[in-house]
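Top line first, the protein sequences correspond to chains A and B.
With our numbering, letter number 445 in the first sequence gets 445, and the count goes up by one each step, no holes.
With our numbering, letter number 355 in the second sequence gets 839, and the count goes up by one each step, no holes.
Don't read these hints as lab results, they were simulated from the structure.
Some hints here could point you the wrong way.
Stated by the list, open to error - Subject to a maximum C-alpha distance of 25 Å in a straight line, what follows is the list of computed SDA-like cross-link-like pairs (lysine to any residue):
hint, chain 1, residue 1, chain 2, residue 2
1, A, K162, B, R617
2, A, K162, B, F613
3, A, K162, A, D231
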Amino acid sequence: MPTDVAQHAAPDLASRLAALVGERRVLARPSELRSYESDGLPGYHARPALAVFPGTRDETIAVVRLLAELDAPFVARGAGTGLSGGALAEGSVLLGLHRLTRILSIDADDARAVVEPGVVNATLSRAAAAFGLHYAPDPSSQTACTIGGNVAENAGGPHCLKYGVTLNHVLAITVLLPSGEVVTLGSADGERDGYDLLGAFIGSEGCFGVALDVTVRLARAPQAVRTLLADFSSVNSAAHAVSSIIASGIIPAAMEMMDGPTIQAVEASIYAAGYPVDAAAILLIELDGAAAGIDDDAARVDAFCRDAGARGVRIAAAPAERARLWQGRKKAFGAMGRIAPNLVVQDAVVPRTKLPAILAEIQRIAELHRVLVCNVFHAGDGNLHPNIGYDATSADETERVHRAMAAIMQACIDAGGTITGEHGIGLDKLPYMDALFTPATLGAMCALREVFDPGRRSNPGKVVPVHSCREWFAAPSARAGGAS
Amino acid sequence: MVRRAIGTRRRCQLNAPPVSDVTAALAERVRHAHVTGTALRITGAGHWLDAGRPCRADASLPLAEHTGIVEYEPGDLTMTVRAGTPLDALRAVARGEGQWLPLDPFGHLGGTIGATIATASSGPLSAAFGTPRDHVLGCEFITGTGNVVRAGGRVVKNVAGFDLVRLVTGAWGTLGVLTEVSIRLRALPEIDRTLALETTAGEARRWLRASAYTPLAAEMISARLATDMGIGSRDTLLLRLGGNRALVHAAAESASALAGSRDVDTTVWDTLRTREPADAAVVRLSTSSSQVAALWDRVASIVERAGGHAHATLQRGIVRCMLPVQSDDAEEHARLRGIVGALLTLGSSVVERLPSSLWAKMVPPAASDALSIGVRRAFDPGHVLNPGILGELA
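If we strip away everything but chain A, and leave its shape as in the complex, we get (with noise of 0.2 Å):
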């Protein structure tokens, strides 16, 4: 990609963008781009050719209307929490979305909401619990992340195992494509026929264009919860009793493993939960639903645990105790900055039960290649983040935990798993994607990019190789045809 290639389309395009939001809107000096060069994912720096950010639907209209005339790349993004560097725009518009934050209904009685792309996730769950309503998919980063980045991303969190992540609690998008047209996928009010091109836009990483606004299902607060805590020496004595639990049938709300040095970042830290320091890992499990019969689950979790050799087993009682130990689990990756000054955060999924296996190749890869790995991850998923502390200012570390990282995701990928389950492909996982996928399947990928952004400029250089799109379009076989 060209550095400059925005600009190129129309040198006078900052001040373009700025008779469309206002001057304050557009950013164009380097100095002011600095802080959108990089998102969550560490060591990719890339700056935009200029940043704007529409306050409202019409600006947002407006702006990639006038892109599309100007044939001119953007990239959407809203809080830059992503962390497989989906929002990074070298060379292209930045187009904040964090201005568009308005929730624009909340209907009770049929339990969904329709906001804005910009809304953030835990500012919805909030909203929406005057009417003992909640947003279920609760990623770590919910206190700034925002819908529509939910949205680009497939999002999940801890609680999808039992509710499932964006995609099943995603009614209908109004989508401004690429072109600067405006579609309704899906439908809030009663099914239709036809292709499930909502199903397709969720996750597609802001390839497939800009979502307006977003009609989300909304979850009921349950009765009653339990929050269990599990006290293991070994990692493979916790894998074992997460295979057990899901085995029996009973389907907690979360199932989350931290290992050793995790729980020493996290106890170390302020966010201190009272997790046992001398633990291998702890397993926190949450169980949710009507009250009765919640304590007989409660007490067979329990019993799992305890056959597959926990030390013990707490059942937090009071919100406020609960609270503290969910806190931990969703701060430990704020946890680990005391470890080191850089932080990767992976993410990668297995079948479930090769959890205890993967955990010790992890383990093997981890002294092979002399690098700290900190687990912590959704077990009942079978959804990995090892995640590698390390100093980027070192060029030998830096080196040895890109091999570590690599050879993670091929373990993953040998143990029939893949390598994202809820971060997304963005820049991070491309040189992995040819390993997963065959190349028909990667030119099935970009053909379908091709209809909702043919001249593929929505977040371009994303997800999918350039050189599997190249050769699929080489194809005669695909170009062939055509009768219709």
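Using the hints provided, position chain B relative to the given structure of chain A.
Then chain B, alone, in the frame of chain A:
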């Protein structure tokens, strides 16, 4: 900006094992059809077929022989099966491990998993477990040019790449021939109990909304259908409760406060699934869940007066209407046209089955917007896969 790709391409690709001989042979047939412009009708067990949809075809592409379980690891609660595998066969295997695929589309119990996914068909259990899009983890399909695509994966959480799985789910085969699917299973509930309650749709919906319990299914059954099924003589709520003993007991107690309830055998759900004649007209109306009782009140009487029956998945806002087709003559078609036409004005609608002569007259194309046309062109540029089945123009 550069991070190196570290030797990944040379390694084995476990998620992309070699394409099976059967898939390769099917792909060759599709490729040939594409080159020669031969329209193919994709068939599974043949129980549902095109449901009266105006599908044109020069030849059929049968998948009924393409059966069997490719991989089943009970501990992962995931299964990979060939598309022609019948649902009842799959159910028997999963049951042996204390698991199930909670997907119960209407029609024949031996319909194939491929057809279920391709048509996104679901039944009463969708109230708790969702529709096929919520169950499919990955799939293999053959595009209209004969390319074999392996989308998604075999794990329960996966956001790698664009979501081709959701795209082909419910596409009626028009974007690709499904050859293999990976699905997520659930553990069978400890207790699986069904109650029949004589109540109104309004009362039932109020109870569901206020209740702390989430039933596996809550299906409103119209009076004639209740009579046919031997569960009552008036509008009846069939409530399926699952979970541990204490939970199900408490939920049943709570529901009994709504109306007199009695236990019925769980096989009643299979009875419901197979209750309609294969040549009936079926229309699915839907609205938001707050409006479903009002929709039911308007619809159920119209349908019953016309000799049919209705049932409703209340939490999803769906009322499904069955109208028997007495004969294949003009008079009968005019009668159906009148009733179906009246129903279609009452809510968002999906026509499931209709005599083919009425289809084109009454049902607008399902994929006529620019994006859908573009997607179709990208995946089946020659329009050789089930052409016309979505009512589209070739």
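Hint consistency between K162(A) and R617(B) [alpha-carbon to alpha-carbon, up to 25 Å]: Given that 25 Å is the threshold and the Cα spacing comes to 16 Å, the pair holds.
Restraint status (C-alpha distance of K162(A) to F613(B) at most 25 Å): Distance ~11 Å between K162(A) and F613(B) Cα, so the pair holds.
Pair hint outcome, K162(A) versus D231(A) [Cα-Cα no greater than 25 Å]: 22 Å, holds
The structure is consistent with each of the numbered hints, conforming to all of them.
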